[in-house]
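Asks: Spelled out, the chains give:
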Amino acid sequence: MYGCATDVDKPAMNTSDLDTIEVELFVQALQRRHGYDFSQYAPASLTRRVQQLADQMECKTISGLIEHVLHEPQLLPRLLEGLTVPASDMFRDPAMFRVLREQVLPLLASYPQINIWQAGCAHGQEVYSLAILLEEAGLYERSQIFATDLSERALEQAEAGIYNAREAQQWSRNYQASGGTHSLADYYSARYNLLKLDQRLRRHVTFARHNLVADGVFCEAHLILCRNVLIYFSNPLQDRVLSLFRNSLVRGGFLGLGMRESLDYASAAANFSAFAEPVRIYRLASQPEPALS
Amino acid sequence: MADFAHGHSIKIHGVRRNDEIGEIARALQIFKQMVIQTEQQAQLKSQLAAISSSLQEATNHRDFAERLTTQLAPLLQAGVALFYGYDDARRRLDLLGSYGLRLSNSPDTYVPGEGLVGQCALSRQPIVLDHVPENYLRIDSASGTALPRHVTILPMQLRDQLIGILEFAGFAPLSPLHQQLLDELLRMAALTLENLNRAVSTRDLLEQTREQADELRVSSVTMRQQQQALRDTNDTLEAKTFELEEQSQRLMASEEELRVQTDELQASNEELRLKTDTLRHQKQQLEALQSETSQKAEELARASQYKSEFLANMSHELRTPLNSLLILSQNLADNREGNLDAEQVESARIIHDSGSSLLRLINDILDLSKIEAGKMELSLVSYSLQSLARSLRRNFDHVAREKKVHYDVMVDDDLPAQIHTDPNRLEQVINNLLANAFKFTSRGSVFVHISRPAGDLPLPETLGGQALLAISVKDSGIGIPAEKLERIFNAFEQADSGTSRQFGGTGLGLSISRRMAELLGGDIVLRSEVDQGSEFVLLLPERSHDAAATIGASTMGHVSTTRPVVRALLPAEGVSDDRDRIVPGDSAILIVEDDPSFARILADIVRQKGHRMLHALDGESGLELARRYHPIGVLLDVMLPGMDGWTVIERLKADPTTRHIPVHFLSATDDAGRGRELGAVGFLTKPVTREAINDAFERLLHFAEGRTRYLLVVDDDVDARSAVRRLLSQDDIVINEAGSGEEALQKISEVGYDCIVLDLGLPGMSGLDLLEKLAESGSTPSVVVYSGRELSREENLRIRQYTDSIVIKGARSPERLLDEVSLFLHSIRHTPSQVGSTVPANFEGLHGHRVLLVDDDMRNLFALSKVLRSWGMQVSVAQDGHKALQALAENPQLELVLMDIMMPGMDGYEATRAIRAQPLFGRLPIIALTAKAMRGDREQCLDAGANDYLSKPIDLDKLASIMHVWLRD
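Residue numbers (this note's numbering), protein chains in the order written: chain A, 18 to 310; chain B, 66 to 1034.
Worth double-checking, as some hints may not be accurate.
Claimed, not checked - To spell it out: a stretch of chain B is covered by chain A in this simulated footprint if at least three of its residues, at any positions, have a beta carbon under 8 Å from a beta carbon of chain A; those stretches are:
no., stretch
1, 312-318
2, 321-331
3, 851-864
4, 871-879
5, 966-972
Don't read these hints as lab results, they were simulated from the structure.
Using N, Cα and C, we set each Cβ at its ideal position, and we do this for glycine too.
Can you make the complete structure from the sequences, with help from the hints?
Replies: So, in structure tokens, the structure goes:
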């Protein structure tokens, strides 16, 4: 007889296509169940992290993970933590902190009030580093740091300011390399194998949850640090976030990115000029674009 | 009595007597017996008591058995006594204690039924043996051994329970007294033993318990140690795990970062590769096209050369027979012989005329082909302009008279007497132009004017940098429509195909004229209006060079080169502009607008503002005017004849000499976005009001360069003032100084300052007072506060009401001061992006209501409070939750709170809860303003006690309607 096509004849779908479908479904589930939209995250890295989450939660497939997403709302903080990549050091990339210390802060000193937004503060190492910089520049009393992150868990850790004492050596070296004149040990106390940062450093820090994907401008910022966050975003999302930064910054305000990030190809970058390109510090044009009625 | 009892020595005599004595003796005897008995009883009792109390002191079974046997045996005069305790659990009799027994003589244990002891245990009956067998146990003493005569084995029972067996062996049988003693003793001993049992077992239990307790204690200690050890291990493990986890997380993160970077690199690589491919492809295409084009060009050039050579040859061949034809026909027409009639003469003349036309055509073709073939030669000589004028007059006076057209030739005085040129070619060109002019002019005039080029004449770029003459031939003829202007110089073209029929001519004249003009190093430009006339201007260098060869060659190279566009530049009727009146130092504004009446309105405004006005009806001439006169600003329409406004601004921005000129659009189309992209400073959509035009002008002027700016420096310190002056000093800035607030106010009322640099600490009126005064007067100029000290949050807040330019003096502050000041001097401030500027449809109902606005973002705070005030509301502001509570406490009349959520110190949630906690404010409407957009965040606002929420950036329409709703009660 004549052959007729049936479903059985369809070629088996390969794994990566399946992955794509599953990740899309996962993203959709998370979005519709909890309102968090990850659809604009860079797909390759998102897929890896979703896969990782599935492994951690002992799900055989991402579909299995979706069940958790839908039926166990208490897992949300863990999911959010797993989907973001919170890792940093104090004074990570000391050269950048040196530029902040020697070139940016002296300029910011001419503002009566200095607002700094650390977008994606993760576990807070850079927040405390900033506070130390401001303290040493004598500017901390008229400064306000907004430390925001998507993950509630990360914020809790950041607020606690407790880290493994093993880090202290590396951090001290970073601090010195960033031009620090004291000893980093002045700012923490170590006990057992933990070190806790001086809680006085927290006195002008506001920790708050903020979702760069959905939320808007909430402060007038003179400096925004958003390091190693944009690399996980797709280009349209990067543009959204950059315009969010642009609208938050005062004219002449500064933007610091991660060493692997750049404004070179972003269309929203037009208003920014390189201030210290090697350490990825940019400055918003002090002349606003022509206003149009 | 006691003697009776003890003294056995008391002998009673006469017992056997049968007398009274005997009776007495017997009675005495009996009495004695009784006494003895009593005595014995008492003794028994006391012994019993002694044993009993001794037994009660026993602390264990052996002790008990020892005491029992040791004390009982002597009492019973037994040589050996043994006590076996019965172990009910094991059903066994154990020898617990003995008296007078050699240790090896008797087995230590029996089971019931075994031996006599066992038998007794089984039968629970006393066993008494009177004749003990030979090999029975012996009574053993140091002095010897002997077999006992009597053996008594007694069960010890309590409530029918066997508890032990007591055995005696002695030489005498037990007396009744002994029997009695034993009976009582056994009962008592049984009880004691039981008690002892209990005590022992209690003690055992106690001991056991204590042991167990000890054990427990020991094991608990051990356990605790183990636990500690475990905990230690655990801790270590946990720390290790934590470390590992952290390390792995860190590794994962950096791996992630690396991967992402790789992804990106790959992506950009891919993109680059694609781009490179595309570029290569395009390049190939371009190269192919180029070679094709150059091939075509070569072919064309060759063809053109062949054509020219052919034409040259052919013309020559044609001219030869034509020559004779003309001569002969002329002879015939002369009719010298007189043998032809009138009709024949006329025919001959027609033949001659036609031949002449044909000859002219052939000559023209020959000239053209010569030029194109590069064979036209010049003979350059000095030539007087006056003789040129004479020659021109002479050649065309008669034509003018014939056509009754006014004709004149004028030579300006400021010209050289002689020029260096080829007179024949020059005259050929001008004659050609004049012939055309007369041809197309039936009434009016034809003028030739020899002068320097007029200012408004578009000069072809190739003619730059040399002294030029302009020889203008202007007529009042039919004119040339704009769309034909470009083609008029092409060979065989006339404005109208019907033209040649009416006016004759070959259509080659202008083409040849232009080529010849080029040959002479000049050019011809044309301006014309239909029915108004035309003006051809021959631009000629004072010194021509023999450039025939080069021009010829270049002409060969690109035969079909198109000419630059020749434009109609005659001003349209109605709007005449100031181009002729512009002198150095004037500022001009260019209006490019094809609607004359609107252009006139704009022109009036421009002139009122003291600027010169330039006007162009179309884009091309607008561009020309911009290049020539460098206006300080351009008002540009989008819809223009020919080149549209978009293209005009693109060209302006592409040209380095006009790029800086600010352009403001005025258009019936609405595409502000495109205008912005193209670099316009503003976009106004028609129809417009006069005010809007004024605003547009202000904006334009604000961006315009070259205008003088006025700056006031207010500081009580002379040195500080001069430092600022030095810093900001520029050519186009006038800097005034004021030493006090009062002086500043005075100066501000006299001069409209573009910017004021203000120190806060002034004697008398403080800087802040000055700001307030200025604000009250309604016209706040742009102010940069330049403060020598830091400001408190409150001061900052107060100043921010008037300006957001606050510079704190410091090492790097001068450069910021410069930035801020130049911002004011050279650009337009933009409204904060978070607040739109639309006016909501209905805000009347809000008038007079009191609202508290809480936000730490001062841009938002002031932009929003400005809007709310413009709606007639009374606005209080607070920077954070604490300040908000304070404001409410001070001013309980507040009717509504607009509460930002993310604030330092006390955030919006907390502040809202704190307000709600006060009974007074239980029903106070609170609207949360949140930058957060997610569902959960909004619910959180409501949970905290807000009545409603609005997302930032704030939509003013929504804000108005929400406030309407909550202020209704």
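Asks: Does each hint fit the structure? Answer for all of them.
Replies: Hints versus structure:
1. 312-318: n = 4 at 8 Å, threshold three: holds.
2. 321-331: n = 7 at 8 Å, threshold three: holds.
3. 851-864: This one holds; 7 residues, not fewer than the three required, reach chain A with a Cβ under 8 Å.
4. 871-879: holds (count 8)
5. 966-972: Contact hint for the stretch 966-972 of chain B vs chain A: holds, 6 residues under 8 Å.
Checked against the numbered hints given earlier, the structure satisfies every one of them.
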